[in-house]
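Undergrad: If you're matching them up, the sequences are chains R and A in order. The opening position of the first sequence corresponds to residue 78 in my numbering, with each subsequent residue numbered one higher. The opening position of the second sequence corresponds to residue 22 in my numbering, with each subsequent residue numbered one higher.
Hints listed in this document are in silico derivations from the structure and should not be mistaken for laboratory results. It cannot be assumed that every hint is accurate.
[Said to hold, decoys possible] Below, simulated EDC-like cross-link-like pairs (lysine to aspartate or glutamate); rule was C-alpha separation at most 20 Å, straight line:
id: 1; chain 1: R; residue 1: Lys-168; chain 2: R; residue 2: Asp-222
id: 2; chain 1: R; residue 1: Lys-282; chain 2: A; residue 2: Asp-309
id: 3; chain 1: A; residue 1: Lys-283; chain 2: A; residue 2: Glu-29
id: 4; chain 1: A; residue 1: Lys-283; chain 2: R; residue 2: Glu-325
id: 5; chain 1: A; residue 1: Lys-151; chain 2: A; residue 2: Glu-29
id: 6; chain 1: R; residue 1: Lys-422; chain 2: R; residue 2: Glu-407
id: 7; chain 1: R; residue 1: Lys-282; chain 2: R; residue 2: Asp-292
id: 8; chain 1: A; residue 1: Lys-283; chain 2: R; residue 2: Asp-222
id: 9; chain 1: R; residue 1: Lys-168; chain 2: R; residue 2: Glu-220
id: 10; chain 1: A; residue 1: Lys-283; chain 2: R; residue 2: Glu-407
id: 11; chain 1: A; residue 1: Lys-81; chain 2: A; residue 2: Glu-143
id: 12; chain 1: R; residue 1: Lys-282; chain 2: A; residue 2: Glu-311
[To be verified] Covered stretches of chain A, as calculated for chain R (at least 3 residues, CB under 8 Å):
id: 13; segment: 110-116
id: 14; segment: 121-131
id: 15; segment: 242-255
id: 16; segment: 277-287
id: 17; segment: 290-300
Every residue, glycine too, gets a C-beta built ideally from N, C-alpha and C.
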Amino acid sequence: MRIGDFRASYAHDESLLITRVQRSWMIGFVGLLLIFPWVGGSYFTYLACLTGIHVIAAMGLNIVTGFAGQISLGHAAFMGVGCYTVAWLDKWGVPFYITIPLGGVVSALIGMLVGIPSLRIKGLYLAVATLAAQFILMFVFREWDSVTGGVRGVNIAPAQLWGWVINTDKDIYYLIMLCAGMLLLGARNLLRTHVGRSFIAIRDKDISAEVLGIDLFRGKLMAFALGSFYAGVAGGLMGYFYRAITPEHFTFTLSIFYLAAIIVGGLGTVLGTILGAAFMTLVPEVLRSVVTLLTLWAPNAMELLSPMREMVFGALIIAFLIFEPHGLVEMWRRARRFFHLWPFKT
Amino acid sequence: MDWITFAEFSLIGLFSGGLLALVALGFVLIYKGTRVINFAMGEFMMLGAYLVYTGHSWLKMPLWLSMVFGLAGISCVAVLVERFVLRPLAGQPVVSVLMVTIGLGAFLHGTVDAIWGGQNLEMPQLLSRKPFIWGDVMLPGAVFWSFWVALAVIAGLSLYFRYSRTGIAMRAAASDPITAYALGIDVRRTQQLTWVFAGCVGAVAGTIVASISSLSPALSGTALGVLAVVILGGLDSVAGAIIAGLLVGWLESIAVGYFGGKARDLVPYVVVLAILMVRPYGLLGTRDIERL
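Chain R with its partners taken away, still in its complex shape (with noise of 0.2 Å):
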């Protein structure tokens, strides 16, 4: 039940969280996310930080395609050119701070130049046309030797603030969440501004809002732009991460992974965003943890592990589309709507 929700002032209105319950659930998640490293053991500490960084990644997406309604298959390429970016600054000693908004700006560029047919096609055709722009950027990673280090890879130092060295997980943790942190609350005041509700109208259809005099040109290849500027980013910072990229680590089926991720999370909603991609992130380790238990009675289970990785990743897209389309947020309203009428209805 829900009392007390009386919005008094116009700042209050427009605040992000407006009850004090929702505020102290965030306090205390921030709180959680501060001291989890130094709890939580180093296993789940890296399963955070990747968490996080596919939190950013699928954040941009879900502008790009969630907001704005432009499909994107090639979002990885993206993180790569963000990676390789970060890699190539690294070589000069250029520091992190630097690197990471840097490799952000440069993905960005990309993207829109990617983001460039987008004006003349739609739906399918511009999803080839990503796709395309996907093997391709993929192309040049394998073979710009000079800068990539081709299919070996490149090695990246670690991050270091004032001979703060970076490199422990628990270290790069808190690089990750500060980054994420900031580029989500970026996107949620993003869709309270003129440009993300011209993101939406973009989305619902496009011809009526450049009627109503927005500018298609502008608001796609943003769109476009800042997908990538978090793609970028999320690529910066797992090159930090891993500290050794090939482009193995920037497939197709990485995009199709943060596909999958907006869309089992809610498509267009921040909270959808991290719901589903830290979702997604989870399922393979909790089938991990069941096959490794399986081998207790089938030894040679964990030959299955990887094709049963597959089947679930396939067969969770499918379900989610076909019973859930909009995904877990969707869920997650439906819990919150059961407790604020909770004595009521029953």
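Place chain A on chain R using the hints.
TA: Just chain A now, with coordinates in the frame of chain R:
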């Protein structure tokens, strides 16, 4: 490159283009019939080839019977997929339908990997490997014969769509489902049939590809490159798919001749981007007119 090598590369390209056209036909059929780009086409090809392999090597069937077994199996899969995966999503946004075919692809890929394993399997030899020699130019036998098989399948299907009652009904349902339904054509059944045909086309193409090289789950990756053919020809044009198949096959082969084997990975996607920028509806595709 002297002209004989050029002619040889050109011929190899044109002849291997037949197979590209066949896979492209699989895409075009489904797009025409149901407005879906089937990203699981590669998995259909792979599954078809695995079924033929199973019929031949596990169940010890003669070659022709194992072909029939493969086609029957893939038809069942196609019917199930259409009924339980695609039909519930009718009328959903493009991104959902796209993603469901991708999810389907992942599911089928995982299933095949779980049942048959990831290793390379030896397919029964379908096509004569004897090279075909024409003056100074030599064509690999498998490439030469695959072209004619592909052409025969395409021609057979075209005739079927042109003259048979069901074929005409399918074309009617594809061009305007509501009118066709009003005229008494069971559109749901024709859409089901579309998937069956596309699955069979994919299975034939997959079997040929697997018998030329070898059979492994990696076979499914070949279909993505064929999207270049489909886009170049126009997503809803059978004739376009054939012309574009030959064109892209030739272009790939020439690029390999000039720039080496790596170019094969790049050419289709450069073609796709170029086409989409200049002429998004392809050579022979219908131009969409959008109304508010």
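Undergrad: Now, for every hint given, state plainly whether the structure supports it.
TA: Do the hints match the structure? See the list:
Proposed proximity of R:Lys-168 and R:Asp-222 is supported: the alpha carbons are some 14 Å apart, at most 20 Å. Only pairs whose Cα atoms come within 20 Å are accepted, and R:Lys-282 paired with A:Asp-309 is accepted, the gap being roughly 16 Å. The hinted pair formed by A:Lys-283 and A:Glu-29 meets the criterion: a straight-line CA distance of about 19 Å does not exceed 20 Å. Using a Cα cut-off of 20 Å, the hinted pair A:Lys-283 and R:Glu-325 holds, with the two alpha carbons roughly 17 Å apart.
As the CA atoms of A:Lys-151 and A:Glu-29 are separated by approximately 16 Å, the hinted pair is consistent with the 20 Å bound. The hinted pair formed by R:Lys-422 and R:Glu-407 meets the criterion: a straight-line CA distance of about 19 Å does not exceed 20 Å. Among the hinted pairs, R:Lys-282 with R:Asp-292 is consistent with the structure: their alpha-carbon atoms are about 13 Å apart, no more than 20 Å. Restraint check for A:Lys-283 and R:Asp-222: satisfied, since their Cα atoms lie roughly 14 Å apart, inside the 20 Å limit.
A hinted pair counts as satisfied when its Cα atoms are at most 20 Å apart, and R:Lys-168 with R:Glu-220 qualifies at roughly 19 Å. Of the supplied pair hints, the one linking A:Lys-283 and R:Glu-407 is violated, its CA atoms being roughly 46 Å apart against a limit of 20 Å. For a cut-off of 20 Å, the pair hint linking A:Lys-81 to A:Glu-143 stands: about 14 Å separates their Cα positions. In summary, the hint linking R:Lys-282 to A:Glu-311 is supported, as the alpha carbons are separated by about 11 Å, within the 20 Å threshold.
For the segment 110-116 of chain A, the assignment as covered by chain R holds, since 4 residues bring a beta-carbon within under 8 Å of that chain's beta-carbons and 3 suffice. Against chain R, the segment 121-131 of chain A contributes 10 residues with a C-beta closer than 8 Å to a partner C-beta. That satisfies the three-residue criterion, and the hint holds. Residues of the segment 242-255 of chain A with a Cβ under 8 Å from some Cβ of chain R number 4, which satisfies the need for three, so the listed coverage holds. Coverage of the segment 277-287 of chain A by chain R holds. Counting CB-CB distances below 8 Å, 3 residues qualify, and the rule asks for three or more.
Only residues whose C-beta sits within less than 8 Å of a C-beta in chain R count toward coverage, and the segment 290-300 of chain A has 6 of them, enough to reach three; the restraint holds.
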